[in-house]
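Below are the chains, spelled out letter by letter.
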Amino acid sequence: MQTTVHDPAIEDLLPSARPVQLIDPTGAEVTQTGTRRPYVMPDADRLQDVWRHMVIGRRFDLQATALTKQGRLAVYPSSRGQEACQVAAVRALTERDWMFPTYRESMALVSRGIDPVEVLTLLRGSAHCGYEPMTHRTAAQCTPLATQLVHAAGTAYGLKRRGEDSVALGFIGDGATSEGDFHEALNFAAVFDAPAIFFVQNNKYAISVPLAKQTKAPSLAYKGIGYGVASEQVDGNDPAAVLAVMDAALEHCRSGKGPFLVEAHTYRMDAHTNADDATRYRSGDEVCAWLDRDPIARLEAYLRSRGLLNDDQANAVRQEAEALASDLRDRMNADPVVDPMSLFDNVFQSATPQVEDARAMVVRELQAADEVTR
Amino acid sequence: MTTIDAPVRTSSLTFAKAINQALRDAMTENDDVLVFGEDVGTLGGVFRITDGLTRDFGEDRCFDTPLAESGIVGFAIGLCYNGFRPVVEMQFDAFAYPAFEQIASHVAKMHNRTAGNVTLPMVIRVPYAGGIGGVEHHCDSSEGYYAHTPGLKVYTPATPQDAYWMLREAIADPDPVIFMEPKVLYWSKADVDTETPSAPVGQAAVRRPGKEVTLVAYGPSLPVSLKAAEAAAEEGYDVEVVDLRSIVPLDDKSVMESVRRTGRCVVVSEAQGFAGVAGELASRIAERCFHSLAAPVLRVSGLPLPYPAPMLEHTYLPGVDRILDAIDRLQWDDEPFVGDNRG
Ligand SMILES: Cc1ncc(C[n+]2csc(CCOP(=O)(O)OP(=O)(O)O)c2C)c(N)n1
Numbered sequence: 001m002q003t004t005v006h007d008p009a010i011e012d013l014l015p016s017a018r019p020v021q022l023i024d025p026t027g028a029e030v031t032q033t034g035t036r037r038p039y040v041m042p043d044a045d046r047l048q049d050v051w052r053h054m055v056i057g058r059r060f061d062l063q064a065t066a067l068t069k070q071g072r073l074a075v076y077p078s079s080r081g082q083e084a085c086q087v088a089a090v091r092a093l094t095e096r097d098w099m100f101p102t103y104r105e106s107m108a109l110v111s112r113g114i115d116p117v118e119v120l121t122l123l124r125g126s127a128h129c130g131y132e133p134m135t136h137r138t139a140a141q142c143t144p145l146a147t148q149l150v151h152a153a154g155t156a157y158g159l160k161r162r163g164e165d166s167v168a169l170g171f172i173g174d175g176a177t178s179e180g181d182f183h184e185a186l187n188f189a190a191v192f193d194a195p196a197i198f199f200v201q202n203n204k205y206a207i208s209v210p211l212a213k214q215t216k217a218p219s220l221a222y223k224g225i226g227y228g229v230a231s232e233q234v235d236g237n238d239p240a241a242v243l244a245v246m247d248a249a250l251e252h253c254r255s256g257k258g259p260f261l262v263e264a265h266t267y268r269m270d271a272h273t274n275a276d277d278a279t280r281y282r283s284g285d286e287v288c289a290w291l292d293r294d295p296i297a298r299l300e301a302y303l304r305s306r307g308l309l310n311d312d313q314a315n316a317v318r319q320e321a322e323a324l325a326s327d328l329r330d331r332m333n334a335d336p337v338v339d340p341m342s343l344f345d346n347v348f349q350s351a352t353p354q355v356e357d358a359r360a361m362v363v364r365e366l367q368a369a370d371e372v373t374r
Numbered sequence: 001m002t003t004i005d006a007p008v009r010t011s012s013l014t015f016a017k018a019i020n021q022a023l024r025d026a027m028t029e030n031d032d033v034l035v036f037g038e039d040v041g042t043l044g045g046v047f048r049i050t051d052g053l054t055r056d057f058g059e060d061r062c063f064d065t066p067l068a069e070s071g072i073v074g075f076a077i078g079l080c081y082n083g084f085r086p087v088v089e090m091q092f093d094a095f096a097y098p099a100f101e102q103i104a105s106h107v108a109k110m111h112n113r114t115a116g117n118v119t120l121p122m123v124i125r126v127p128y129a130g131g132i133g134g135v136e137h138h139c140d141s142s143e144g145y146y147a148h149t150p151g152l153k154v155y156t157p158a159t160p161q162d163a164y165w166m167l168r169e170a171i172a173d174p175d176p177v178i179f180m181e182p183k184v185l186y187w188s189k190a191d192v193d194t195e196t197p198s199a200p201v202g203q204a205a206v207r208r209p210g211k212e213v214t215l216v217a218y219g220p221s222l223p224v225s226l227k228a229a230e231a232a233a234e235e236g237y238d239v240e241v242v243d244l245r246s247i248v249p250l251d252d253k254s255v256m257e258s259v260r261r262t263g264r265c266v267v268v269s270e271a272q273g274f275a276g277v278a279g280e281l282a283s284r285i286a287e288r289c290f291h292s293l294a295a296p297v298l299r300v301s302g303l304p305l306p307y308p309a310p311m312l313e314h315t316y317l318p319g320v321d322r323i324l325d326a327i328d329r330l331q332w333d334d335e336p337f338v339g340d341n342r343g
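Taken in order, these protein sequences are the chains called A and B.
With the UniProt record's numbering, letter number 224 in the first sequence gets 224, and the count goes up by one each step, no holes.
With the UniProt record's numbering, letter number 207 in the second sequence gets 207, and the count goes up by one each step, no holes.
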């Protein structure tokens with residue numbers, strides 16, 4: 001994509017003409033030319049860390065999908081194939097940074113260090129959010145699309161007001177960039193110079209609707225420009241490039257230059273959720289073509305070619321992933337005990353008479369049922 | 001009030017298929033009927049309600065939109081200025097909220113604001129309510145917001161036959177209609193007569209005649225009310241079940257007739273009870289049938305809480321036991337009820 005804009009103020013905001021790539025699908029390093037900002041290959045230890053979390057993330061994802069088939073989860077939106085985005089974006093953060101995930105970010109939550117069972121609580125159906133947002137600096141997963149980005153903008157502004165050097169990272173899909181809240185979030189963040197990163201995982205489909213029917217914009221990254229938000233596009237299946245672009249975005253935000261938009265080009269390998277029939281709207285060939293761009297295989301090839309990963313190390317990580325999966329399986333296979341009275345616990349901090357009446361009614365019902373069974 | 005007769009020309013259809021058939025028939029009869037929304041094209045909607053419409057009518061007639069509910073409804077308003085009749089889908093109840101500005105400020109008020117010069121013959125289909133084990137934001141009973149907004153018609157069919165005919169009427173109506181589809185009923189099946197219209201919208205229907213109690217229900221609360229009526233019969237209560245079919249217009253006349261005959265009434269709604277449709281009915285009945293009532297009108301509704309996680313929805317939802325309990329509380333030990341002495 002070429003641009004003809006020559007206003008320096010606008011050029012500062014523009015994304016690179018092509019998605020930033022540091023490692024190609026074969027695992028070879030790509031020399032940087034034509035990117036709008038300098039992007040450097042991240043250190044080996046960070047790449048090894050990301051590889052490890054991607055392997056664990058994929059194993060977790062497969063396990064969650066299997067649990068859905070066994071009826072242990074109400075529904076599961078897989079992010080298989082999107083490991084580079086989910087993991088590298090999160091591993092670039094510090095613990096002080098905030099994160100605003102959607103329903104698809106299970107893998108990102110696991111790589112943030114949240115207990116996998118807590119990550120799956122929403123989808124298991126025993127509670128709406130299984131982890132503590134405040135301690136993890138991670139908001140509850142958001143289902144109404146794009147709404148979390150406005151929260152990310154507000155949180156980012158709050159961090160700045162409090163003098164914190166932290167950033168709020170909000171995830172969003174390609175489809176949800178059509179929602180009004182996406183635009184309001186960008187505008188607010190820009191106007192208030194809020195240190196927010198909007199990370200668009202362009203996985204090519206919003207349920208069944210392909211990107212071409214979602215937008216006429218040549219790149220979703222361009223959506224930042226109109227709001228004065230610096231933007232970049234990145235190969236979302238290249239973990240090194242995602243890390244590098246995130247580093248630049250974080251640096252941009254931390255140095256007080258306002259929000260940053262990242263469009264990561266990736267692909268959703270599975271259906272939208274287990275309830276969706278992807279054969280209705282996309283071809284097997286298309287899916288197969290993306291297998292060649294596998295982010296885990298790509299980084300593995302790179303690391304091995306540099307002597308940064310050997311069989312022993314790889315096996316150790318794979319065993320770690322197996323252990324996590326088997327622990328997850330065991331804990332998810334136990335029937336959760338859900339106390340009906342918990343319904344009333346968190347409607348208000350101080351309950352209203354209406355809530356108390358309803359609580360009393362359910363207490364009576366449970367006592368009556370108890371007497372019948374006794 | 002009509003007791004809906006057994007249909008003449010019938011085929012057995014699911015509730016979902018009945019809606020699909022209504023869309024097909026309306027699109028066949030009138031080229032101006034356009035169906036659009038999220039995933040309604042190739043996929044046929046997440047509930048497959050629009051299955052095959054793009055294939056059979058072309059992309060001009062049934063199409064996917066960008067993912068933006070406010071855009072979808074506002075776009076539909078714009079199409080009405082050209083005489084089109086849009087039928088749009090909101091994917092789930094809680095995902096219609098981004099469109100609420102367009103619905104409350106424009107869909108509901110346009111006719112009035114423009115001194116009757118602009119009409120909006122559009123239908124907004126909203127799959128709603130719970131009982132399907134959905135994660136949060138997929139189970140809201142949002143009918144109260146719409147019913148409380150003057151200028152919107154609010155239909156909520158509970159049988160495949162009504163799903164078909166009420167949607168046909170909604171599409172033909174010059175006024176905007178919020179068409180609330182109880183998701184839990186999508187897979188229910190019954191005979192549908194697509195040639196003989198059933199009772200027009202605005203008339204309630206007696207789904208089960210009875211002499212001692214009137215259960216007023218609509219949409220997702222109809223099946224549970226019918227079950228409760230059966231169970232009550234075993235306990236010796238003769239319960240009548242009235243299905244409102246539409247909330248706006250409201251056929252309270254038929255409800256009053258029934259309550260005056262039975263003298264006792266329970267209103268059942270899946271939505272939380274506070275400040276809702278059930279409360280509106282209870283106060284109307286109290287105002288109009290006071291001298292016929294042997295007991296206060298009771299409400300059985302969802303709890304006054306955000307819709308819970310799937311594993312707790314059975315505690316949240318008004319079930320047979322709660323309805324039976326309400327029937328028990330209708331002061332049966334009092335003086336036997338003698339009926340409406342005002343004639
Ligand atoms: C406001 C709103 N409208 C509709 C939906 C239903 N819905 C859930 S996911 C989805 C598609 C989202 O696609 P995209 O933004 O590309 O993200 P992806 O799921 O591909 O990660 C839709 C339409 C919703 N959750 N919220």
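The reader is advised that the hints may include incorrect statements.
Taking lysine to aspartate or glutamate pairs in the EDC-like style, the calculated list, with each CA pair at most 20 Å apart, reads [claimed, not checked]: (1) A:Lys216 x B:Glu59; (2) A:Lys213 x B:Glu287; (3) A:Lys213 x B:Asp60; (4) A:Lys204 x A:Asp276; (5) A:Lys257 x A:Asp12; (6) A:Lys213 x B:Asp51; (7) A:Lys216 x B:Asp60.
What the simulated footprint calls covered on chain A by chain B, stretch by stretch (three residues with Cβ under 8 Å from a Cβ of chain B suffice, anywhere in the stretch; the number is not a length) [unchecked claim]: (8) 125–131; (9) 223–236.
Bear in mind the hints are in silico, worked out from the structure with no lab data behind them.
We treat Cβ as the ideally placed atom computed from N, Cα and C, and that holds for glycine.
Hint by hint, here is what the structure shows:
The hinted pair formed by Lys216 (chain A) and Glu59 (chain B) meets the criterion: a straight-line CA distance of about 18 Å does not exceed 20 Å. Our distance criterion of 20 Å between C-alpha atoms is broken by Lys213 (chain A) and Glu287 (chain B), whose separation comes to about 54 Å. Of the pairs offered as hints, the one joining Lys213 (chain A) and Asp60 (chain B) holds, with about 14 Å between alpha carbons and a cut-off of 20 Å not exceeded. Taken as a hint, the Lys204 (chain A) and Asp276 (chain A) pair is honoured in the structure, with Cα atoms around 16 Å apart against an allowance of 20 Å.
Between Lys257 (chain A) and Asp12 (chain A) the CA atoms are separated by roughly 11 Å; this keeps the pair inside 20 Å, and the hint holds. Our distance criterion of 20 Å between C-alpha atoms is met by Lys213 (chain A) and Asp51 (chain B), whose separation comes to about 19 Å. Annotation: proposed proximity of Lys216 (chain A) to Asp60 (chain B) holds, straight-line Cα distance about 18 Å (limit 20 Å). With 4 residues carrying a beta carbon less than 8 Å from a beta carbon of chain B, the stretch 125–131 of chain A meets the three-residue requirement, and the given coverage holds.
As drawn, the stretch 223–236 of chain A meets chain B at 0 residues by the rule of a beta-carbon pair under 8 Å; below three, the given contact is violated.
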